[in-house]
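Spelled out, the chains give:
Number of protein chains: 2
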Amino acid sequence: MVNDIMGKNLVLENIRHQLKLKDLNAFIQPRRDMYGGEEVPDYDERLKFLSGFTGSAGIAIVTIDKAILFIDGRYVLQAKIELDENWEILSLSEDSIIKWLEENLCNKQSIGYDPWLMRANEVIKLKEKLIYKEIIFEAQEVNLIDHIWTDRSPIKQNDPIKWPSKFFGLESEKKIFSLTQKMKTKDIDAIIITQPNQLSWLLNIRGSDLDCTPLFLGFGLLTVDGTLKIFSRINKKILNNVNKKFINHSFKKLVSYISNFKNKKISVNPFYCPSIIYEAMKVNNIVIEDNFLFLQSMVTIKNSVEIAFIKNCHKRDGAALVKFLFWLEHNISLQKISEYDASIKLKEFRSQDKNFISESFNTIAASGSNGAIVHYRPSKIKSKIIETKDIFLLDSGGQYFDGTTDITRTISFSEQPQRIKNYYTFVLKSHISLAKLIFHNETCGNELDAIARSVLWEQGLDYDHGTGHGVGYGLGVHEFPPIISRRKSEPLQNGQLLSNEPGYYVPNKFGIRLENLMIVEKVNSIKPNNFLKFLTVSLCHFEMNLINKNLLNKDEIIWINEYHDDVYSNLKEFLTKEEKKWLKSKTTRIPL
Amino acid sequence: MVNDIMGKNLVLENIRHQLKLKDLNAFIQPRRDMYGGEEVPDYDERLKFLSGFTGSAGIAIVTIDKAILFIDGRYVLQAKIELDENWEILSLSEDSIIKWLEENLCNKQSIGYDPWLMRANEVIKLKEKLIYKEIIFEAQEVNLIDHIWTDRSPIKQNDPIKWPSKFFGLESEKKIFSLTQKMKTKDIDAIIITQPNQLSWLLNIRGSDLDCTPLFLGFGLLTVDGTLKIFSRINKKILNNVNKKFINHSFKKLVSYISNFKNKKISVNPFYCPSIIYEAMKVNNIVIEDNFLFLQSMVTIKNSVEIAFIKNCHKRDGAALVKFLFWLEHNISLQKISEYDASIKLKEFRSQDKNFISESFNTIAASGSNGAIVHYRPSKIKSKIIETKDIFLLDSGGQYFDGTTDITRTISFSEQPQRIKNYYTFVLKSHISLAKLIFHNETCGNELDAIARSVLWEQGLDYDHGTGHGVGYGLGVHEFPPIISRRKSEPLQNGQLLSNEPGYYVPNKFGIRLENLMIVEKVNSIKPNNFLKFLTVSLCHFEMNLINKNLLNKDEIIWINEYHDDVYSNLKEFLTKEEKKWLKSKTTRIPL
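From first to last, the protein sequence lines are chains A and B. The opening position of the first sequence corresponds to residue -10 in the numbering used here, with each subsequent residue numbered one higher. The opening position of the second sequence corresponds to residue -10 in the numbering used here, with each subsequent residue numbered one higher.
The set of hints was computed from the structure by calculation and includes no laboratory data.
Because identical chains cannot be distinguished in the list, a pair is counted as satisfied if it fits within a single copy or across any two copies.
Below 25 angstroms or equal to it, Euclidean Cα-Cα: the simulated PhoX-like pairs (lysine-lysine) are:
1. Lys11 x Lys(-3)
2. Lys118 x Lys173
3. Lys118 x Lys477
4. Lys226 x Lys242
5. Lys226 x Lys241
6. Lys122 x Lys253
7. Lys118 x Lys88
8. Lys242 x Lys145
None of the values given here were measured: they were computed from a predicted structure.
The shape of chain A in the complex, shown without the other chains (with noise of 0.2 angstroms):
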């Protein structure tokens, strides 16, 4: 992506360029869209074209003679691979970029940003952090990429899905109706809806803007009577096709209509809300409501028909896993296969499946060494042949009109070394003691994320990325606030989805990784009632020939043969004679 010419990169000065034409000594851009979410569609990926960089998450900085991208512990494997010599790479934490800025703008400089991409909560601790410097945050009207950003794809928006109601579980009306029914009792004349990942579940709307996320790409604002403003790219009539009730505007709209509700309470989240919507509140006196946090729990907290359809979805995923599986061991010593053959081959699988719609995100499959870089992503052009004495890393999973799915298996061809063994089963052990873990309903996700580590940290291993993230239903396949990581988090609640993923990577060597989705349940059989524990819904075998089954203890293969015998009598009506004989064979009980 980067146009570098003899050790110039030609974008850069062409953004040097702007900040001079701006009068301006910064600029500051997210890898992001309007909506904050974690996929953009392909014009709106503006880090990409700025630096190079792929990842999903990410913020670049570029003064007149430097150039920094702030990214975490995930990327930076992929990050020195991506960027040219310009670039300088930091680590992304919730301080680096402001100590950054104080280390290197002078005072009385000015920084230019984008109040669409940038969140109100990132300018105003930006402003509140910097005010000392006197430094001048200027709002740009148009972003400065877009002016040098010359081959950008086309800016629109595609169709809403047509997808089976029944999915839904809850008419809209109804949780429409909920919605308001809390908004009254807090007085709240209406709430903006900034990421579409809740406008979505709220309205029972999926779009197709995205490949592996069917968001409704848009921003919703919802009044206490129940009257449902969107504002978003799309035709106005063809949402008024999907509910007459819908009103759709541009989304520019919105800002100027905000005016409508001068010194009234607007519910809205500053941590996900783009700035230019929080400063035209603040302009029109409206009183700022930023801890209403009903719908955001009403989404990630899974009602009763979505968690029957979660668990029926997730039968027929595993299906196409263990048929891939099979497949793939099967012919692995055949013919070459690259990795990114087995996505496309393990994507054929799942799309057999009358409720697919996409992938939830770009089929990790990493050989040996690729395994390592955490979020690898085998494309056409650049991919490894699968190699049967290494180990393969495959975190996968689908989008459905049923559920949203995530899973990690590391998997081998080959009898391997005892350390890899030993490594695996250290995995597996720190994933049970999660998958099996009752706790009470006020431990937070890091104290969660201590406890599954503490199994690696007794062997003195460590992984550089969360134990677990909230999961969507047919939305986001990284769905937030629900996050088991090291990150300060709130306790996790009965009802959401999570996945279960640690892992241990030995940089340029390999990669272990082990992930399972799980629904909290609270736990029956205890009184009081405040105990919560996780059920499994990610059906797949483990690796028996990677287990080293002296590192087990009894309670560990229980778990592994009840979870073995549940994964083989689920997903046996879905497989072929031959995949069951090969499943059942794979799922053999170990002697206690």
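Given the coordinates of chain A, work out where chain B should sit on it, guided by the hints.
For chain B alone, coordinates are given in the frame of chain A:
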């Protein structure tokens, strides 16, 4: 303590009279002296005078028609006994007081407080949160309680203790030098030390005003040139005898003295600083550095000399406890021994040590159901005879020239039901899980807390107190910030000393708690060197008769056996022949 005549509470009536005189709507009284320590001199026990509550933490609010005591879970049972029906007991949390004031005060009402007792951050937060109600906060020159407390103990400060200097590890001058060097790197002109443990540690001086904590009670003002001004109630000359460089003033002078530092940069910790000092700094345009924690780290991270002494001290303390337990087991069926008698006898054993100063807190000797009162304290007047049929919880510690101890054992004199044994064993498993944990050096206290609890959670059990607290060196038995509890906290650090004390309690039935102190250590065998572990320093056997060995796994049995080997080999030199024989039998290895 409460003058209760026919349902009327005269103390409350008197305070309400004061409210009217001062034209206040409410008065807020924490259980605290101006130094903010856990133990306070009798003359500062205002909350006890006001309410009758004798616990170590709580905040009262009295209005014209309400009297509320906010306390944490540890003290609920106790407060219900100590308070009369004029008081309402509410749960103490960061926000519960604010919420109560929001709901119970009208707009523009006023609340009085003692600015020497309320901390800066508390007043700032209250003002901030109640600004929308225009609540007026009025600092009282004289505490309202002081107006009505006629039989108050004499207000005086005792002379410092003569403390052999070899135990301090580092000369005061050297400590001050390190501190001022660090101040220079941060351009700090002075530091106001408001925590007596920090002042005592820095000056190598100890006081004798508190029963169980040899703190020197005073404030310090250290300028970057090394000049240290002390503000205390002590006679000026006396302190000069300890160290000629110490310049002592009356503590009241501190507020006016601050005006000498107009426009300078001074470090203070607003979480511990009395509000009156912070306000004086603001009035004088002082740049407040509120995050310079170097002295705090110096105190809480024990140096190598301190660690060597701590280990030694714990051997002699463990021996005293073993001698007591030997005596108790041999006398319990021969004579009636009350909980109070036991606590006196235990103190006698500890007192025989030449380095012994005092108990480190009032011994919790709790038979049967009293064990469920987490901070129970038997008194001469009110104390139960220890029943041989019940389990007996004993939580005690000593202050020595060479360290502070804190240890809990739960013992049995008779065969207990399987249920009790199982509870004991699960608490022990929880204790062991922490004692033998290896953890990443970024792990926070609340994450370690969850790891320790998870063993109990698995059985649906839990406890309503922290798992561990920091411990001082010949200073407070509770030393913060190191903590292992549900409260969000910072990562532990190499050299900190903490308790490990999970428990299980059934109100009105019994209590089990098992506590040792541990030093945080680096794990040198793992590279990279970023893992920590604990070294247990407390030495006393666990109750073999209460262990259900079938519930233990191999690693746990190994841990117990090795710990018991350590107990015997370290204590035997202090014991008589009979005691040795007895301890040998108590530490018999569990067969694997």
